[in-house]
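Going down the list, the sequences are from chains G and V.
The numbering of the first sequence is the working numbering, which starts it at 1 and goes up by one.
The numbering of the second sequence is the working numbering, which starts it at 1 and goes up by one.
For the record, the hints were derived by calculation from the structure and aren't laboratory data.
It is possible that part of the hints are untrue.
To be verified - Stretch by stretch, here's where chain G covers chain V in the computed footprint (C-beta under 8 Å, at least three residues):
1. 79-89
2. 212-222
3. 265-275
Stated by the list, open to error - Just a sample of chain V residues kept apart from chain G, beta carbon distances all over 12 Å, derived:
4. 46
5. 52
6. 67
7. 72
8. 99
9. 135
10. 138
11. 183
12. 237
C-beta: ideal position from N, C-alpha, C; glycine also.
Residues per chain, in single letters:
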Amino acid sequence: MAIQGIRFKIQRPLITFSIFIIYSLLLTDTAHAMHISEGILPFRWALLWFVVAIPFVIYGMKRLKEISRIDISYKPLVGLMAAVVFVISLMPIPVPTAGTCSHPGGTAIPAILIGPSITVLITTVALLIQALFFAHGGLSTLGADVVSMGVIGAFVGLWVFKLLRRFKVSLTLSAFFAGILSDWAIYATTSLELAAGIRGDAPFWPLFTKILIAFIPTQLPLGIVEGAMTAGMVGLLLKRRADLLVKFGVIKPEEAGGAI
Amino acid sequence: MEAGVVWNAEYKQERDKRSDLTMAVCECFSDNFRKRHLLSDVDARIKLLVVLSLLLMVLSYKGIFFPLLIAGGSFILCLSMRIPPRMILIRFAQPLFIAVVVLLLKFFFTGEEPLFSVGLYCIEITGYKEGLLEGLRITSRIIGGVSLVIVLGFATPFTEFVAALAWLRVPRQFVEIMLFAYRYLFVFLEDASTIYNAQKNRLGYAGIKKGLHSFGVLAGSLVLRGFEQSQKTSEAMIQRGYSGDMPLLRGKPLKMRELLAGALIVIIGGVIWLM
């Protein structure tokens, strides 16, 4: 099996696997929910992702304006949710396969609770603060990061959750899969953005595949952690504040049972 | 990082009261650094515009010289602001990791002309010249871009940055959400730290399954606190006359001297970029 530059002899899978693990341990220091770093994308790609992201952010702001006109406490709620998402995304989670710590994206839960358009806005705020003061992501790559983490992460999370709920899957299991698939969708989109941005004259798909493989040691287990976290959060809300889930239309009043 | 000379006095008092997690995050915001330095009096709007202009040049530069020059200049600026080298390295850690991955991907997977070939057990690794050059170009762009943003982050207090965004006509809703998020970030960090320590003391993170459950409960508790705190905050704000819009810092007129200095830096950068 020849991939340009590296030839794998698959009859010795154990050694190949060992090298893969050593590579993971050496290269993955502290992985963060996939942000594209400042400067990776050339100007035209950075601009393109801004053009894609801006309509979603504007729509999020429009929704916020509309809702806060009716409910004066909505803006503080969204601001505080942004702080919560920010804090969650800073929490270190051990990823056993990579031998390191990683950080969740945390976009599935606000998407389920307050909707994807406001989640895009929250994510943009969190990403801007992270880019400026933590050097996670960047100013020029903000558009690309908003598209992957905000737009794709939020919409995939919500759609998976709603689809599973339509098939009468339990609340926590739906949240679990929403968290997993939201995280993996972020990972796939970021890989796509990276491959398109750095490929130069090389063909797109082989590079995209290699980037996907390069981040498997952290991102696959991280997705499962994200799923467990989302399920845990929804489970706790159902147990302690089912009224909030009813208020945000996540469950019907009769589903809350005696919890309200 | 002994910080007697680096951190400001209020921050040093805070250090003793707050948890490690909160302090680690606090240390990323310039508000907690020494307040008098080379760029402390420069208008945040000028700093933002200069950084954005230089960033554009770094991103559109075809070689490695200009981004590395910008990185060198930014590093010297950070040291002159007496930012601890450890803090600079912490901020560089993640971008550098990604830069190394990108460099390796380009070096080993892109190009035609082999530079070297090494047999390693079952794998034959070949590095390519074009891939190395392209990888170095991207890596230098990352280092240059990140250095600029790091200088901006260290030299600009958060509230001034937000005021600069408002002056640049960034919509009010966005600016207000940023202010709320920043205000409550440290409160939730402290809460998260307390809950985490309580869980850890009760063996909540002994084993993967238990750890995942504990983490879910921790995140859920934070969401709950977010909701509860937002209700309290709204009530308190309404009692103080909040009508849906928060007052923002008003921008003072730009100083001609700073404007000219900023323009000069951009022009010099532009000339080097064109060379």
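Hints, verified against the model:
no. : hint    : verdict
1   : 79-89   : violated (count 0)
2   : 212-222 : holds (count 10)
3   : 265-275 : violated (count 0)
4   : 46      : 16 Å, holds
5   : 52      : 7 Å, violated
6   : 67      : 7 Å, violated
7   : 72      : 15 Å, holds
8   : 99      : 7 Å, violated
9   : 135     : 9 Å, violated
10  : 138     : 6 Å, violated
11  : 183     : 8 Å, violated
12  : 237     : 7 Å, violated
Consistency note: the structure conflicts with the earlier hints numbered 1, 3, 5, 6, 8, 9, 10, 11 and 12.
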